[in-house]
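Order-wise, the sequence lines are chains X and H. Counted from 1, the first sequence has number 183 at position 183 by the working numbering; the numbering is strictly sequential. Counted from 1, the second sequence has number 442 at position 180 by the working numbering; the numbering is strictly sequential.
These are calculated hints, taken from the structure and not from any lab test. Where a beta carbon is used, it is the ideal one built from N, C-alpha and C, also for glycine. Some clues are possibly wrong.
[To be verified] According to the in silico footprint, chain X covers these stretches of chain H (three or more CB under 8 Å from chain X):
(1) 400-410
(2) 509-519
[Unchecked claim] Here are the computed lysine-lysine pairs in the DSSO-like style, where the Cα-Cα straight-line distance is at most 30 Å:
(3) X:188 with X:257
(4) X:257 with H:352
(5) H:285 with X:202
(6) H:431 with H:320
(7) H:271 with X:3
(8) X:23 with H:320
(9) H:285 with X:3
(10) X:202 with H:540
(11) X:202 with H:352
(12) H:533 with X:202
(13) X:257 with H:325
(14) X:202 with H:431
(15) X:3 with X:23
(16) X:257 with H:271
(17) X:3 with H:276
(18) H:320 with X:3
(19) X:23 with H:285
(20) H:287 with X:23
(21) H:320 with X:202
(22) H:276 with X:188
(23) X:188 with H:271
(24) H:285 with H:271
(25) X:3 with H:287
[Stated by the list, open to error] Computed footprint of chain H on chain X; a stretch qualifies when at least three of its residues, placed anywhere within it, have a C-beta under 8 Å from a C-beta of chain H:
(26) 45-57
(27) 94-100
(28) 188-202
(29) 226-240
(30) 245-257
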Amino acid sequence: MRKPFIVDAHIHTGASCAYYAEKPDAARYLELMDRLSIERAICSDMLSITRGLRHGLKAAERVFDESEGRIFYLGVYDPRSDAGRIGVLEKAAAKPGFLGVKIHPSFHKTTPESALYDEVWRFVRDHDLTLLAHSWSVSTYNPAQAYATPERFRHYADKFPDVRLVLAHAGGRGNGRAEAVRTANEYKNVYLDFAGDIFCFKYLETMLDIVPHNKLIFGSDYPMFDPRANLSRVLLSGIGETAMAQVLCNNAVTAYKMEKKC
Amino acid sequence: MEVQRWVLKVSLMKNQIREMRDKRKALAEELGFLDASLWLGPPEDFPNAKEMSFAELKNAAEKYFIRGGLVSHWYGKSVSAQESNRQLLKAVPKNDAKFHAVWTGLPLFPREQGPLPGQSGMPANVKAVRVFPKTNRFLLDKFVMEGLCGFLIGRRMPLFIWHTELDWKEFYAFAGDFPDLKIIVESQPQKILYHMRSLMPLMRSRQNVLLEISNFAGLDYLEYGVRTLGAERFIFGSFLPVNDPLAPVGMILDADISLADKRAVAGGNLKRIMEGVKS
Chain X
1 MRKPFIVDAH IHTGASCAYY AEKPDAARYL ELMDRLSIER AICSDMLSIT
51 RGLRHGLKAA ERVFDESEGR IFYLGVYDPR SDAGRIGVLE KAAAKPGFLG
101 VKIHPSFHKT TPESALYDEV WRFVRDHDLT LLAHSWSVST YNPAQAYATP
151 ERFRHYADKF PDVRLVLAHA GGRGNGRAEA VRTANEYKNV YLDFAGDIFC
201 FKYLETMLDI VPHNKLIFGS DYPMFDPRAN LSRVLLSGIG ETAMAQVLCN
251 NAVTAYKMEK KC
Chain H
263 MEVQRWVLKV SLMKNQIREM RDKRKALAEE LGFLDASLWL GPPEDFPNAK
313 EMSFAELKNA AEKYFIRGGL VSHWYGKSVS AQESNRQLLK AVPKNDAKFH
363 AVWTGLPLFP REQGPLPGQS GMPANVKAVR VFPKTNRFLL DKFVMEGLCG
413 FLIGRRMPLF IWHTELDWKE FYAFAGDFPD LKIIVESQPQ KILYHMRSLM
463 PLMRSRQNVL LEISNFAGLD YLEYGVRTLG AERFIFGSFL PVNDPLAPVG
513 MILDADISLA DKRAVAGGNL KRIMEGVKS
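Kindly generate the complete structure, drawing on both the sequences and the hints.
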């Protein structure tokens, strides 16, 4: 019998004001997990992204339990409302489904170098957790993305070299990609996920030529994007089965230290 | 012991990967895609994309299960309609049975020097016309567009348009003004998912509007579209060489729709439209 093995390292649950999704909940995602051989996923829920740390954690814990330990989660730290509330994360860190923290400088309109982020970097370091950071390229039609260009995360990556940092979307579709690649090559603990619509031609082949094979992580950005779009991009690419196994599973397990949670 | 367990796990994973890949590959071969969105010329605003010659584009397409389709030129957006059409005249062989051209169009009045749709000299391998009303600074309105649209309807030729080149309210009226014109809204070059709440009701109201799906990758979008609007309303496109054809290919392969519907979206719909065009 076929056993699910894929880790989707970048999903969300919940509806968004910005885009349409018919059923953006965990139940629909679980159906897709079973269909697509996805064993585990890592979620930062929409309520936490939009409203801050205290609003979504309870629901995320519930989703973890209801999914029988398949949908892990991250706390989402909004420095505008969560500064000084690291105690909420301290409590969450003891829970079995909690893997780390997500920061989203573009959405939260806070520069990645801001002193407000210091406590969250300190927190993930002290608890041996992982930090997921939204990253993108400078965009003419979405100026807020300038908050999250990959080189801006070096400020804290230099201060906290032991922290495992995943640059979400690997710097996006534009010039941010080259900087994300440079950062992943220079920093031992920096990983890249390609969640979302980074649908660039020959993306995986190109990326695996220029970043170590243990650094690139599969993600879908559910429910903004359907996991089926990125899945065939891996399975039908020319990267070889060993690299596919790394990208679809092993790299996320290492980056998010999931071995103990299996 | 730990290492042995790990090696076994990787080996099992590779077996599953092989099985999943082979199953998808077989279905993709069977479907044989026709592509409404193949592009020559230097891509604009996509710094990681590389320009391809016609031969390179055709070769790349064939590697991704694409058996034919419609070729456009970036100059239609970045230089001029005329220069784009001139480039396509040179690049796309008129005797190629599988790959045809999409010319860029302008309103027929005031008259401008060609090569342009609606004038003499448009070759038979042009199977569709695209407009860029925002870029070329004209209204998508009946009093501006009736000449070009009349020409296209007479030839049963579809009109292509990027969703970033239209305003939904204006487009709703426009599509209603020309019910005999097939209009294919293109999901590029930015996220169309932000417009779904306008696009889907518009497509329900305007039966002559179809959607090219290279960037139609939101959760369950294809299934929902096929279920509510019908498979005949969706056209496969890759946006090659900017985008990876495997994203829309994967959406079709894994969609929870019938094989007949997959065939229609993958190529059947575009084939029917292209065959209906009168030279």
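Point to revise | Enumerated hints in conflict with the structure, sorted upward | key: 1, 4, 6, 8, 10, 13, 14, 18, 26, 27
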